[in-house]
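Enquirer: So the chains spell out like this:
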Amino acid sequence: MKIVLEHLTKIFKNLDKRIKEPVIAVSDFTFEIPDGSLIGLLGPSGCGKSTTLNLISGLEEPTEGRIYFGDKDVTDLPPEKRGVGLVFQNYALYPHMTVLENIMFPLGNLRGEDRLTKEEMRDRAVHAAELVQIEGLLERRPAEMSGGQQQRVAIARALVKSPEVLLLDEPLSNLDARLRLQTREEIRRIQRATGITTIFVTHDQEEAMSISDLIVVMKDGAVHQIAKPQDVYDDPVNLFVAKFLGTPQINVFSGEIRDGKLMIGPEAVFAVSGAEDRPVTVAVRPEGFLPAADGALSCELKRVEVMGRDTSVVFSHPALDAVQGRAIVDASLTRDLEPGAVRFSLRPEKTHLFDAESGERIRCRLTRKEEEHV
Amino acid sequence: MFKKKNLKAWLYLTPALLFLAVFMIYPLLDVVVYSFEEGYNSASQSYSGVGGFNFSYVLRDPYFLQALKNTFVIVLITVPVSTGLALLVALGLNSIGPLKKMFQTIYFLPYVTNTLAVGLVFMILFKKTAYSEGLVNLLLKLFGSPGVDFIDGPWWAKILVVCIYTVWIVMPFKVLILTSALASVDETYYKAARVDGTSKPRIFFRITLPMISPMLFYLIITGFIGAFKAYSDEVALFGTDLNAAGMNTIVGYVYDMLYGDSGGYPSFAAAAALILFAIVFTITCINLLVSRKHVYY
Chain A
1 MKIVLEHLTK
11 IFKNLDKRIK
21 EPVIAVSDFT
31 FEIPDGSLIG
41 LLGPSGCGKS
51 TTLNLISGLE
61 EPTEGRIYFG
71 DKDVTDLPPE
81 KRGVGLVFQN
91 YALYPHMTVL
101 ENIMFPLGNL
111 RGEDRLTKEE
121 MRDRAVHAAE
131 LVQIEGLLER
141 RPAEMSGGQQ
151 QRVAIARALV
161 KSPEVLLLDE
171 PLSNLDARLR
181 LQTREEIRRI
191 QRATGITTIF
201 VTHDQEEAMS
211 ISDLIVVMKD
221 GAVHQIAKPQ
231 DVYDDPVNLF
241 VAKFLGTPQI
251 NVFSGEIRDG
261 KLMIGPEAVF
271 AVSGAEDRPV
281 TVAVRPEGFL
291 PAADGALSCE
301 LKRVEVMGRD
311 TSVVFSHPAL
321 DAVQGRAIVD
331 ASLTRDLEPG
341 AVRFSLRPEK
351 THLFDAESGE
361 RIRCRLTRKE
371 EEHV
Chain B
1 MFKKKNLKAW
11 LYLTPALLFL
21 AVFMIYPLLD
31 VVVYSFEEGY
41 NSASQSYSGV
51 GGFNFSYVLR
61 DPYFLQALKN
71 TFVIVLITVP
81 VSTGLALLVA
91 LGLNSIGPLK
101 KMFQTIYFLP
111 YVTNTLAVGL
121 VFMILFKKTA
131 YSEGLVNLLL
141 KLFGSPGVDF
151 IDGPWWAKIL
161 VVCIYTVWIV
171 MPFKVLILTS
181 ALASVDETYY
191 KAARVDGTSK
201 PRIFFRITLP
211 MISPMLFYLI
221 ITGFIGAFKA
231 YSDEVALFGT
241 DLNAAGMNTI
251 VGYVYDMLYG
261 DSGGYPSFAA
271 AAALILFAIV
281 FTITCINLLV
291 SRKHVYY
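Quick mapping for you: the protein sequence lines, in order, are chains A and B. In terms of this note's numbering, the first sequence is residues 1 to 374. In terms of this note's numbering, the second sequence is residues 1 to 297.
These aren't lab readings, by the way, just hints derived from the structure by calculation. Watch out, some of these pointers could steer you wrong.
Claimed, not checked - Quick list of in silico lysine-lysine cross-link-like pairs, DSSO-like style, CA-CA up to 30 Å: (1) B:Lys200 with A:Lys81; (2) A:Lys13 with A:Lys219; (3) B:Lys191 with A:Lys81; (4) A:Lys118 with B:Lys101; (5) B:Lys128 with A:Lys118; (6) B:Lys100 with A:Lys13; (7) A:Lys2 with A:Lys81; (8) A:Lys2 with B:Lys191; (9) A:Lys72 with B:Lys200; (10) B:Lys141 with A:Lys17; (11) A:Lys228 with A:Lys72; (12) A:Lys13 with B:Lys200; (13) B:Lys101 with B:Lys200; (14) A:Lys17 with B:Lys127; (15) A:Lys20 with B:Lys191; (16) A:Lys72 with A:Lys20; (17) A:Lys118 with A:Lys228; (18) A:Lys243 with A:Lys302; (19) B:Lys293 with B:Lys200; (20) B:Lys128 with A:Lys17; (21) A:Lys243 with A:Lys261; (22) A:Lys118 with B:Lys100; (23) B:Lys127 with B:Lys141; (24) B:Lys128 with B:Lys229; (25) B:Lys101 with A:Lys20; (26) B:Lys293 with B:Lys229; (27) B:Lys191 with A:Lys13; (28) B:Lys100 with A:Lys20; (29) B:Lys141 with B:Lys128.
The shape of chain B in the complex, shown without the other chains (with noise of 0.2 Å):
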């Protein structure tokens, strides 16, 4: 290890290793820290103990709970949704010949529009006021149903609005993603299978599926992550202070832990944080786990 060459080789990356020392690792450590120190004081800089309250706290503390099941609901309806649609969508781009480029665009229009600005054509979409329905009530109504406050109603119609909105952001990435992984199948393929009469669906699973398997469990891995990790799109659709809407995520509440109204509180931020890493790491893990046995590299 310390041979000469490998201390060159040490020399040209201690750069960037002191950079993720100090702001990756270290960071990462005190938070682990924080979260054992009881009655942690950010002002003096004092705690009264260690031990796991702050864990304890934090998990019968009924706004983390809820944001929990926010979290949750959000992750197991977006991912499939907008993997399921991706690939609808990429699978309907590769087979169309002309306007392919430009249908190849329009998709992708949503990944470079501001989340902020997404929202705000959301509310247009969906809120109440004074002087409109919203567009969407307005369709309800045509089909005689007495609509629905989307915004401010009930937690089924607000979690409703996250999802459709989560997947419409993601999906354009996943879209992007499967277009190129479809045209990289090599068409020999798809040849020999017409030559012996294979039916679309058999090419389909039998075929494309496979071949694209890696791309795909990708996509599922980060979109788990990612969605996991939810916070700016609740924002942009019902502001800031998430726990009046029922509308907190974990993330969200961490954030509130530390800076929102109720903040102040670094230690419970940091258990809620460590929580949320246990998740990710353990449905990661049971990801890879699954991929192992379907994925073909």
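The shape of chain A in the complex, shown without the other chains (with noise of 0.2 Å):
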């Protein structure tokens, strides 16, 4: 079931009772969720994310505008009958009834014509906890488990009255780091055998990337940028979504516009076209960096990590907003790398120039200086 929310906006009042102001949770969210698509909502904490997830549940009601589910309007509906499944952050297993009895719990609930007798309720939920393999737990209480299978748990639950939407919470953040990236691809998977359009809430934009048919990346209430995981990567909106995704950080340079050059401190390092001379903030993905002798960039070489595959290049440079950055570059070009003075070559690709005020992208052509020579 596609889901749409039209100018979305929930405020709040600020529990400071000394703060007249009030706190917009979200503002004006407007969106299309296609059918069948797993979407993450991404961003830093208090942005609105889990508001937005209220939202859609029906546990909180919005200051204005409208949701559908499909084209029926649910703005007003309660959340029972809005036929959504929920998993909360903590779970939220009920710490006195058995696994099957948990899971059995939201099925009880159906009277008149739904109502259901005691042997299919039973089948239903064995059905659920098949679906996210817990068959084998049944009669354990929740304190019995371990944090990954309480969640399968929390899951078969949200899903065993076949809601048209699932929604959650934080599904990842309470489990250790094995235990989440197995978690999330069985997410993925349930999502998937199930066709069930899934929202969930991250603040890790790994977790959100790897998995999401579409992420939306939000601060302060707003959305900042709807896209697809590679896509918000490699094409940011603005400095805040190109700083949000990816680790390591992206490297951020003050650096300006001049006569059609793009100048980080005294260095060329990128022919401009499309853009008028202003001042820029410059950001460079830590894979946009080459370490070339004729490089256009040189910076201060901290020292080389080794990650394998690749090499973690720590280097430093006036123009640089924080103390040191990152490259990630081919071990292979690292080899003779010695602290110092080092010349990189960068990426046009992997290089994104932002308003320096407001931070909004500018969309301009970057070119190499010995490209322009060919």
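Using the hints, put the two standalone chains together into the complex.
Expert: This is the structure:
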């Protein structure tokens, strides 16, 4: 089922009564989520992603805007009438019930013609448990299971009523690193197997990028970019998105466009076409650096960290916005590097320019000088 | 047990152990001894024989049987009623937003009020005097009832007042405990239940009640023990001569046997105290057995 959000806005009163100004948790969110897709809501904490999830689930009422499931307006419907399954960050499994009882619990709420017999409930609960592969743990209590298993139970409980929409609030944040990797693939598998439209919230960009069909990058209640994970990474709309995605973080220099050349410090690193002269912020992905004797950018190399296939070159530069920057370079190219002066040539497709004030992307064409000669 | 490290630990415990031995264990054992000494005279510290006569006397004493009956009625009425009411009040307190703090304070006030002062208020409510019928009787008369003498009247009227009084006295503590128990239930359980369309009663019986069951059973067990030890509330209402009022309790009987007008019989008192102990012990064991089945920890 596709989900349409129209100008969705949620404003909270400030909890601190001394501050009159209300908190805008979600501001003017308009988006159509395609049927059967897996969407990652990504942003730093307090950006409104959980509130968005609560609005979709019906636990919160929007201040403005409408929500449609398919063609049906569900804005004024209570959560139970919307057909959503919700998995909470702490799973919210009832500790006094066994796994089976937990999964069966939502079915026990069905009334009227939907009412199920005990056997039907059991069958459907067992079916949901099989889907998340916990059929061997049905008689356990939540406290007797690992975090990953509890997570699966929570997903099974959310799926047992065959909802149209599955919502996951920070589904992986309570798991350890290894389990996180496993579980995110598991979520992808379950989502594929059921074909259910799924929205999950996360602050971990790697998590969002690895399994989502589309990611929504949010900050301070506003949506910054909605695109496929690779596109958000390769083509960020502003400096925030560029900085939020990617590990190691993108390297940010202050620079300037002067006479059709992009200057970082005294050095012209690219020829620029399609943008007027102005101060800019230059952001270069770690993989955008190539050590080269005739490279355009000279930096101070601090150390080389070996990671196996690649090496991480730690450098400093006066125009950099941080103490040090990081370049990820193929190990074969860094054999001879010693601490001291180093020259990099930058890859234009890994270099993005942003307005120095607003951080908005400046769309323009960058070319290396040597390419000009050709 | 007697390693050097343990020795040090025992040394630290000694003051407390000595205290407990002198003021708890010795008197307890002494009570058992007294209860089997027949014809014990506290003035001459002598007794005529050893046997079960004290128990058979107490169990045949009409005053004791009356006290036993009163105590059981008080226990069986006040424990369920006060716990149930406290749960209702706590649920109410938990669901109101504004003025919650104020109502919490109001409901806790009886706990810090002096028993005898409360007794006085109950007198105004229930006692018939030459000048006044008592507030409750005035109300009853509005509905055409002839009115009852609650303090000097029939047994059921008196026990009713005792029960109302006891419930009123013990409720604040229970409300306090239950409000905090309710507040400590994680909000996301309710959210999860709401998303699943769980009805209010089902949320209460399947989620809230099991979650607060440890506290509830704690209150029931301590409530039973407390109610079995009822005495001061009855004195506050009916004065010290409880036998005459027919309102004595087991603890009251023990006290009377020791110090009352008919007192001076520590052996009978000891026997009655041990019977009370046996009753409380049995009930507590039953409570614990039941709780093991129904309480989620």
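Enquirer: Hint compliance check: list the failing hint numbers for this structure, sorted ascending.
Expert: As far as the earlier hints go, 4, 5, 10, 14, 16, 17, 20 and 22 are violated by this structure, in ascending order.
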